[in-house]
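**Q** Numbering-wise, the sequence shown is residues 15 to 77 according to our numbering.
It should be emphasised that the hints constitute simulated quantities derived from the structure, not laboratory data.
Note that beta-carbon positions come from the ideal geometry of N, C-alpha and C, so glycine has one too.
Take the hints with a grain of salt, since some may be wrong.
With a cut-off of at most 16 Å between alpha-carbon atoms, the simulated EDC-like pairs for lysine to aspartate or glutamate come out as follows [stated by the list, open to error]: (1) K31 x E62; (2) K51 x E40; (3) K69 x D22; (4) K45 x E62; (5) K45 x D22; (6) K23 x E62; (7) K45 x E74; (8) K30 x E40; (9) K66 x E40.
Label pairs and their computed distance ranges (CB to CB) [claimed, not checked]: (10) S55 x S29: 37 to 47 Å; (11) V58 x I33: 17 to 27 Å; (12) I33 x G56: 43 to 53 Å; (13) A49 x A21: 19 to 29 Å.
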Amino acid sequence: MAKNQFADKTAKAASKKKICPVCNSEITPIKLINAYKDDRSGGVKFGERFHKVCKCNEKEVFA
Numbered sequence: 015m016a017k018n019q020f021a022d023k024t025a026k027a028a029s030k031k032k033i034c035p036v037c038n039s040e041i042t043p044i045k046l047i048n049a050y051k052d053d054r055s056g057g058v059k060f061g062e063r064f065h066k067v068c069k070c071n072e073k074e075v076f077a
């Protein structure tokens, strides 16, 4: 099977629109990429993960 591309993953996640029960706003899936230093090689690596953001957790995610 072929790997899912980034656009396929975001389109699939965006098609399932959900509403946050706390703030009643739409939950938007985003991809967070953070850089960290690898202890073994000493180089810089990147960690990627998807996160769901709405108005009530927006400041925590983007801080």
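**Q** Each hint needs a verdict: does it hold in this structure or not?
**A** Each hint tested on the structure:
1. Our distance criterion of 16 Å between C-alpha atoms is broken by K31 and E62, whose separation comes to about 22 Å.
2. For a cut-off of 16 Å, the pair hint linking K51 to E40 is broken: about 35 Å separates their Cα positions.
3. For the given pair, K69 sits about 25 Å from D22 by alpha-carbon distance, which is inconsistent with the 16 Å threshold.
4. Among the hinted pairs, K45 with E62 is consistent with the structure: their alpha-carbon atoms are about 7 Å apart, no more than 16 Å.
5. Between K45 and D22 the CA atoms are separated by roughly 13 Å; this keeps the pair inside 16 Å, and the hint holds.
6. For the given pair, K23 sits about 13 Å from E62 by alpha-carbon distance, which is consistent with the 16 Å threshold.
7. Between K45 and E74 the alpha-carbon distance is near 15 Å, which keeps this suggested pair within the 16 Å criterion.
8. Between the alpha carbons of K30 and E40 the distance comes to roughly 10 Å, so the proposed pair stays at or under 16 Å and holds.
9. In summary, the hint linking K66 to E40 is supported, as the alpha carbons are separated by about 10 Å, within the 16 Å threshold.
10. With their beta carbons about 39 Å apart, S55 and S29 fall inside the hinted range of 37 to 47 Å.
11. Range check, V58 to I33: Cβ separation about 38 Å, and the 17 to 27 Å hint is violated.
12. A hinted range of 43 to 53 Å for the beta carbons of I33 and G56 is consistent with their spacing of about 45 Å.
13. Checked against the hint of 19 to 29 Å, the pair A49 and A21 passes, with Cβ atoms roughly 23 Å apart.
Of the numbered hints given earlier, the model fails hints 1, 2, 3 and 11; all others are met.
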